[in-house]
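2 protein chains.
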Amino acid sequence: MFQCQALLLSSSNCHGYSMLEFAKEEICNLLEKNNIENLLFVPYAQKNYDEYTKKIKEVIDSWGFSVSGLHTYAEPMEAINNAQAIFIGGGNTFMLLNTLYSYNLVSVIRERVLEGKLVYIGSSAGTNVATKSIHTTNDMPIIYPPSFEAIGLVPFNINPHYIDKSENETHKGETRDQRIGEYLEMPHAKSVLGLKEGSMLHVDGDSLVLKGVAGAVLFQKGGKKTEYFVGDNISFLLEE
Amino acid sequence: MFQCQALLLSSSNCHGYSMLEFAKEEICNLLEKNNIENLLFVPYAQKNYDEYTKKIKEVIDSWGFSVSGLHTYAEPMEAINNAQAIFIGGGNTFMLLNTLYSYNLVSVIRERVLEGKLVYIGSSAGTNVATKSIHTTNDMPIIYPPSFEAIGLVPFNINPHYIDKSENETHKGETRDQRIGEYLEMPHAKSVLGLKEGSMLHVDGDSLVLKGVAGAVLFQKGGKKTEYFVGDNISFLLEE
Chain V
1 MFQCQALLLS SSNCHGYSML EFAKEEICNL LEKNNIENLL FVPYAQKNYD
51 EYTKKIKEVI DSWGFSVSGL HTYAEPMEAI NNAQAIFIGG GNTFMLLNTL
101 YSYNLVSVIR ERVLEGKLVY IGSSAGTNVA TKSIHTTNDM PIIYPPSFEA
151 IGLVPFNINP HYIDKSENET HKGETRDQRI GEYLEMPHAK SVLGLKEGSM
201 LHVDGDSLVL KGVAGAVLFQ KGGKKTEYFV GDNISFLLEE
Chain U
1 MFQCQALLLS SSNCHGYSML EFAKEEICNL LEKNNIENLL FVPYAQKNYD
51 EYTKKIKEVI DSWGFSVSGL HTYAEPMEAI NNAQAIFIGG GNTFMLLNTL
101 YSYNLVSVIR ERVLEGKLVY IGSSAGTNVA TKSIHTTNDM PIIYPPSFEA
151 IGLVPFNINP HYIDKSENET HKGETRDQRI GEYLEMPHAK SVLGLKEGSM
201 LHVDGDSLVL KGVAGAVLFQ KGGKKTEYFV GDNISFLLEE
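Protein sequences, first through last, are from chains V and U.
Numbering (full-length UniProt numbering) for the first sequence: 1 to 240.
Numbering (full-length UniProt numbering) for the second sequence: 1 to 240.
These aren't lab readings, by the way, just hints derived from the structure by calculation.
Hints are not guaranteed to be accurate.
Which copy is meant is left open, because identical chains are indistinguishable; a pair holds if it fits in one copy or across any two.
To be verified - Below, simulated DMTMM-like cross-link-like pairs (lysine to aspartate or glutamate); rule was C-alpha separation at most 20 Å, straight line:
id: 1; residue 1: Lys57; residue 2: Glu37
id: 2; residue 1: Lys172; residue 2: Glu21
id: 3; residue 1: Lys47; residue 2: Glu185
id: 4; residue 1: Lys47; residue 2: Asp177
I would like the entire structure built from these sequences, with the hints used as guidance.
Take a look at the structure:
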């Protein structure tokens, strides 16, 4: 855990910014600090790997790095083992986790990141799979993965795209807070950090700091709800 | 299939109506037509079985029927085998399906309903588990069920609480239509019927009719989207 270098974004898009713009400084700092020039992009959460990789490459290459898609390597595990940094993009969390399991990548990513050999950047679904489990994704369960347990870089759960509202005032579907509350009643549930769009978590060894342009809300068992703001140190969450 | 008698509600609550009020006439007609006085309520989608059963019992007993909770029977499977009608209420679809599997109830409910021995009423999560699979639930995956395959009274998928909007205009999370579209790209995907709140499906043997106070939208592979209205006969969906 103490070697882990990760940035976990709520989303790649944030109202008022072009794609990933709100996270540019943090991503650049993290890669430069670790002398990394090449970023391996994991497009498994979306259907069209080429198109998705191209979109991300256009943005991040323009910042002075070189992006390649994991799907262009014959041996995904070997590519992960040779990479210094990966970026797992958003889309459908169930499809993403299912594909990571199908190539046996979940544990190899976990080990390399925790050993400090691989820098991890994730966004949305890519953030969900970085946590203990995908129990708090917003996505539709379009495919049945072999497990909901995930990479586990952090010992709690994240709800990305967190928003404190129902779909509209007359709609009777559950609100986001109700859904998270249902999870917290499960015996296996961990604390849930709701990351608002524009926020991200910076994991730097045993330090966890909220970055970006928006805050987060921590949900804990027993109904406790605490708001955190950009710059807050929430390292205590790594000790759970 | 030809003996199946079922009512699949989008939700128990609908704006402008008290609980289940919009479905009162259909539920009463269905039970009376089959000379049924006792309704077995399945509260597994929520945490507090007693409280949930009491809420439903208050409403449906007042219509002249007698509601009992499945959780009050020592042998759930025996209770299902002795029942003439069940009502599976809403809540969390993953928890509901997981509990049905844990008591080995999925196939016994399927068999008895398809043989015409058990009338099925479901709402929200109780409608999701009545379909082929729970791939198009809106719920959070708070527990890992042994399968996403469900009771399978109808050969397609349903998205309950269907609403044709994103959470708000600046939010970057996927819209409901995008989520359903992601599912339809899966090789195993079936057509998805988005049931608006206030709508319900009446399965009567080989006839399928849209009832209630709101319509539905059918999503098919290839991006085809068709709107249906109260009273429409959509029996062709049973032939998939």
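Exercise. Evaluate Lys172 and Glu21 at a C-alpha cut-off of 20 Å and name the case that applies: within, between, both or neither.
Key: Classified as between; 14 Å across copies, 35 Å inside a copy.
Self-check item: Identical-chain pair category, Lys47 with Asp177, by Cα at 20 Å
Solution: between (30 Å within a copy, 16 Å between copies)
Quiz item: Is it within a copy, between copies, both, or neither that the alpha carbon of Lys57 lies no farther than 20 Å from that of Glu37?
Solution: within (13 Å within a copy, 64 Å between copies)
Quiz item: Taking 20 Å as the upper bound on the Cα-Cα distance, should Lys47 and Glu185 be classified as within, between, both, or neither?
Solution: between (34 Å within a copy, 8 Å between copies)
This entry satisfies every hint, going by the numbered hints stated previously.
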